Amino acid sequence: MIRTRILLFSLIGMGVVAALLGLAQMWGNVMEWAVFVRTMGTIIVLGTLASFLIAVDYDIPASRRKWLLFLLCGLALGAGGLIVAQIWAQILDWPVFIKVLITLAVGVGLIGFILAVAEDFGTGKKLRDNHYID
Numbered sequence: 001m002i003r004t005r006i007l008l009f010s011l012i013g014m015g016v017v018a019a020l021l022g023l024a025q026m027w028g029n030v031m032e033w034a035v036f037v038r039t040m041g042t043i044i045v046l047g048t049l050a051s052f053l054i055a056v057d058y059d060i061p062a063s064r065r066k067w068l069l070f071l072l073c074g075l076a077l078g079a080g081g082l083i084v085a086q087i088w089a090q091i092l093d094w095p096v097f098i099k100v101l102i103t104l105a106v107g108v109g110l111i112g113f114i115l116a117v118a119e120d121f122g123t124g125k126k127l128r129d130n131h132y133i134d
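Under the UniProt record's numbering, the residue at position 78 of the sequence shown is numbered 78, and the numbers go up by one with no gaps.
Please note that the accuracy of each hint is not assured.
[Unchecked claim] Pairwise CB distance ranges, derived in the manner of DEER restraints:
hint : residue 1 : residue 2 : range
1    : Val17     : Phe121    : 39 to 47 Å
2    : Val30     : Leu68     : 25 to 33 Å
3    : Gly109    : Ala85     : 21 to 29 Å
4    : Phe9      : Val30     : 34 to 42 Å
5    : Leu68     : Met31     : 36 to 44 Å
6    : Ile60     : Phe121    : 25 to 33 Å
Simulated from the structure, these hints should not be mistaken for lab results. Here the structure is a predicted model, which is why all the values come from computation and not from measurement. Beta carbons are placed, not taken as given, at the ideal position from N, Cα and C, and that holds for glycine.
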């Protein structure tokens with residue numbers, strides 16, 4: 001619960017920073033446009049990761065396949081880190097970056113599908129084992 005609370009407050013903080021930064025840029029042009037876009041992109045990526053981790057952190061205690069959830073988190077964090085690094089440093093050529101990102105997305109999709117199927121089939125077995133259903 002503490003992790004979720006920390007992630008929630010960081011998500012709220014990122015939203016406040018993004019709003020204030022947007023207003024400051026709109027009224028005062030406080031930074032160069034390219035830096036502003038990179039900063040806002042970074043805030044969006046980090047906010048998306050925080051939201052994803054909040055959802056996963058909620059599921060971890062009830063899941064019987066925690067290692068798949070941790071693998072899912074690792075892939076998502078890797079993709080987020082890669083996106084932020086690409087935004088600021090352009091460490092990969094764009095076609096290679098897109099291919100790596102698509103590969104990570106396919107991995108996340110497969111793991112998510114495996115988790116959904118495993119949890120769904122496991123729930124029925126658990127209910128039968130506890131004699132809740134026939």
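What hints, given by number in increasing order, does this structure fail?
Numbers 2, 4 and 6 - these are the hints that the structure violates, sorted from lowest upward.
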